[in-house]
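Top line first, the protein sequences correspond to chains A and B.
With our numbering applied, the first sequence covers 1 to 176.
With our numbering applied, the second sequence covers 1001 to 1582.
In case anyone wonders, no lab produced these hints; they're calculated from the structure.
Do not rely on the hints blindly, as some may be mistaken.
[To be verified] Part of the chain A face toward chain B, derived, beta carbon under 7 Å: (1) Ile64; (2) Phe133; (3) Asp135.
Here the structure is a predicted model, which means the values were calculated and not measured.
Cβ atoms here follow ideal geometry from the backbone N, Cα and C, with glycine treated the same way.
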Amino acid sequence: MREGTEPISHMARLLLGRVFGLLTGRRTLYAEDAAARYGPELARGRRSVFVRHLDCGSCNGCEIELSALVNPLYDIERFGIRFEASPRHADVLALTGPFTRNLETAAYLTYAAMAEPRCIVTIGDCAHDGGIFKDTYALADRPAFLEQAVVAHVPGCPPTPEAILRALAQQPRGTG
Amino acid sequence: MADIHAGIRDVCQGEVIELPRRDGRERHFVIENGEDLLRLSQWASQHDYYFCTMVANDERLLEDHIFKLYYLFSAPDGFLVTLEYPLNDPLHPTKYPSIRPSFPSVEPLEHRLYDTFGLSPHTGEVHSGTLLHTPYPPEYYPLRQGRTRDKLEERARAYSPPTHSASAIEMPEGMLAMPVGPIHAGVIEAGCFQFHLAGEVIEEVRIRLGYKHRGIEKLFQTSYTLERGHELAERVSGDASFAHSMAFCHAVESLAGVEVPLAARYWRGLLLELERFSNHAGDIAALVHDMAFELLASELAVVREQTLRLNQRVCGHRLLRGVNVPGGVHLLHRPHLNDVQRTIETLAARLLNLGKSVLEMPACRERMVNTGVLTCNEARTGGATGLVARASGLWKHDFRLRHPCGVYAIPALALADELRHTVVLSDDDLPSSIHRRVPIYLSDLQGDVFARLALRVAEAETSVHLVARLVAALRQKGGRSEPLVVPLEKLLRAVPNFEYGIGYAESWRGEIIYWLMKGPRNTIFRCDLRDPSLFNWTAMRQAIIRKPDPRDPTGRRYLENILADFPLINKSFNLSYAGHDL
Chain A
1 MREGTEPISH
11 MARLLLGRVF
21 GLLTGRRTLY
31 AEDAAARYGP
41 ELARGRRSVF
51 VRHLDCGSCN
61 GCEIELSALV
71 NPLYDIERFG
81 IRFEASPRHA
91 DVLALTGPFT
101 RNLETAAYLT
111 YAAMAEPRCI
121 VTIGDCAHDG
131 GIFKDTYALA
141 DRPAFLEQAV
151 VAHVPGCPPT
161 PEAILRALAQ
171 QPRGTG
Chain B
1001 MADIHAGIRD
1011 VCQGEVIELP
1021 RRDGRERHFV
1031 IENGEDLLRL
1041 SQWASQHDYY
1051 FCTMVANDER
1061 LLEDHIFKLY
1071 YLFSAPDGFL
1081 VTLEYPLNDP
1091 LHPTKYPSIR
1101 PSFPSVEPLE
1111 HRLYDTFGLS
1121 PHTGEVHSGT
1131 LLHTPYPPEY
1141 YPLRQGRTRD
1151 KLEERARAYS
1161 PPTHSASAIE
1171 MPEGMLAMPV
1181 GPIHAGVIEA
1191 GCFQFHLAGE
1201 VIEEVRIRLG
1211 YKHRGIEKLF
1221 QTSYTLERGH
1231 ELAERVSGDA
1241 SFAHSMAFCH
1251 AVESLAGVEV
1261 PLAARYWRGL
1271 LLELERFSNH
1281 AGDIAALVHD
1291 MAFELLASEL
1301 AVVREQTLRL
1311 NQRVCGHRLL
1321 RGVNVPGGVH
1331 LLHRPHLNDV
1341 QRTIETLAAR
1351 LLNLGKSVLE
1361 MPACRERMVN
1371 TGVLTCNEAR
1381 TGGATGLVAR
1391 ASGLWKHDFR
1401 LRHPCGVYAI
1411 PALALADELR
1421 HTVVLSDDDL
1431 PSSIHRRVPI
1441 YLSDLQGDVF
1451 ARLALRVAEA
1461 ETSVHLVARL
1471 VAALRQKGGR
1481 SEPLVVPLEK
1491 LLRAVPNFEY
1501 GIGYAESWRG
1511 EIIYWLMKGP
1521 RNTIFRCDLR
1531 DPSLFNWTAM
1541 RQAIIRKPDP
1551 RDPTGRRYLE
1561 NILADFPLIN
1571 KSFNLSYAGH
1581 DL
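So here's chain A without its partners, still in its complex pose:
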């Protein structure tokens, strides 16, 4: 079922959810709605995932989809997922791009600034193995310690917001 094609039933569902919530005093209206749409795993965890985005030379396509997650149609914060301004606060590093030489140092510093345990989710084909940019001179090798920190990969060029959302929601959550 494609979203946006049947706005009326979507609205009706939201409305029903709201009435239900008011009657029963449950506060996770959106999570209920999300469970219906994205599967139960998203609604399962009630703790938060703080995500720091790290651009390692992407084409900006993955950034477009990451920023789309904040808009009201995905509204990622209802799942407790938040984009953080500082790697110090982050549970997960969302890495995009093929890892260019010029960004190597900055990427290490960002990773090192995270608190342990550090997790990386690679987003987009080129963050996996260089993707379409695999054969250029401008890519650096990702060192083993970064590779080991990768807990999930979201394929796609760019992946859809839903795919990213699913991957982020399944990550180990912080204590917050």
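Given chain A's structure and the hints, the job is docking chain B onto it.
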């Protein structure tokens, strides 16, 4: 008279050879004398020529055995003029005369050529490290022919860059240096800004880019053919995927000398306008978000998201990738025109309502008016382009009008009429066939954040009108059986090697230009591409720094921006880092 022949007759003393071009809208001259080149470029700058790009080419293995430079200008009379300058001085095979005095916008290109080719102007005013930072060995010059990927890789691997201890930035008394980046506090691309602050006022900003350098030009040449290069072109700058692939395809098609089928031209125009609409909606949303009007920003973000979903329904990809192919467009199924028409109408109504309320809201005007001013003069001399130039009052600067190609060149559709009335010159001037729901007047275009926002709203409206016309044209055409793609492979094989083709498309940021030289067996011998962001980064610095207000006759008033204005100015330009870094 702005005819280039008149210029050559007037100022050139040495021999200038004109070579024929297949496309009647292009002209090509070979200038062997450096002095002539300088004089002619000065003449061109006085006659309202726009400097498009400078392409370097390593032709040392070809018949001439030298480097060559190709200067590309857009002439006011509608011609694309190429000036070819061979670097034929045997004593200085890598030196060329700089046209910087007449076209200051060439500066970032000169720095770039120094990094990638090792070419430098006679005056020597270039520095390395704009694209290739410290991790690269000196004299790397990746775009020279014969430097294969393996050799380059090996050299970079063997090189251990010098370790610098962090040194304090020297600043005058009372000033503060504030470096920001390259990793920013948000979901943004990577780039470094160094602000010089006096109190809160930004006196100067140094913009350092190149972090995302992926070696795309080399990759085109080593791993792609003319028939497949569009796949990479789509991934140069993700938000302008369609415009990039369209410009690439245009270059290949002009090389092959074909015009794509009519229906394909309609689709290309339609999708280009959809891309423009979605990005303008996103930009307006981001600007409003930065002014802390969250409710409006959320509504606008929904408009953008719905446009991306429309893209998905039309061609199967939210960023319109995989549609353009050299020779036409590739659609999985014929999309429902009703869906396109109805969705875009609904979204436009919402966008224009919201945009209008933002433009009229006093609190927003207070933030935007006189913030980040790029004056008309600065825009012209600095070579600013696209929406940024238009918002500074150069409202005719649009490649869809200057050099119409594809669907914009079809007189029956009269798309140029719509485009010309994006900015309302006066209410009497508006023909009855054109209706503007949010009219923007020329007096609004003062080059500040407000002007850029207003123009985004106006251009989004124009795009909707263009989409409506194209949908009507496609509906009229009907013809389901007509193919959307012409096969190019054989045609391309017939083109002599080392012929070049120019392709361009007016993306939502400004014109994207591809310069392709064919190699043997349909390979790409040289691909040079210029994203509009390249020139506009310089323009953005101009808009941020403290400077005398040109509108004040006493010269005592200054245009100033404080640090908190920077995010707003940055969003109002919304330039591509990836497109700049390549």
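A quick look at each hint next to the structure:
For Ile64/A, the interface hint holds, since its Cβ comes within 7 Å of a Cβ in chain B; the closest pair sits about 6 Å apart. A cut of 7 Å between beta carbons decides the hint on Phe133/A: the least distance to chain B is about 5 Å, and the hint holds. A distance limit of 7 Å between C-beta atoms decides the matter here; for Asp135/A the minimum to chain B is near 5 Å, and the interface restraint holds.
The structure fails none of the hints (numbered hints given earlier).
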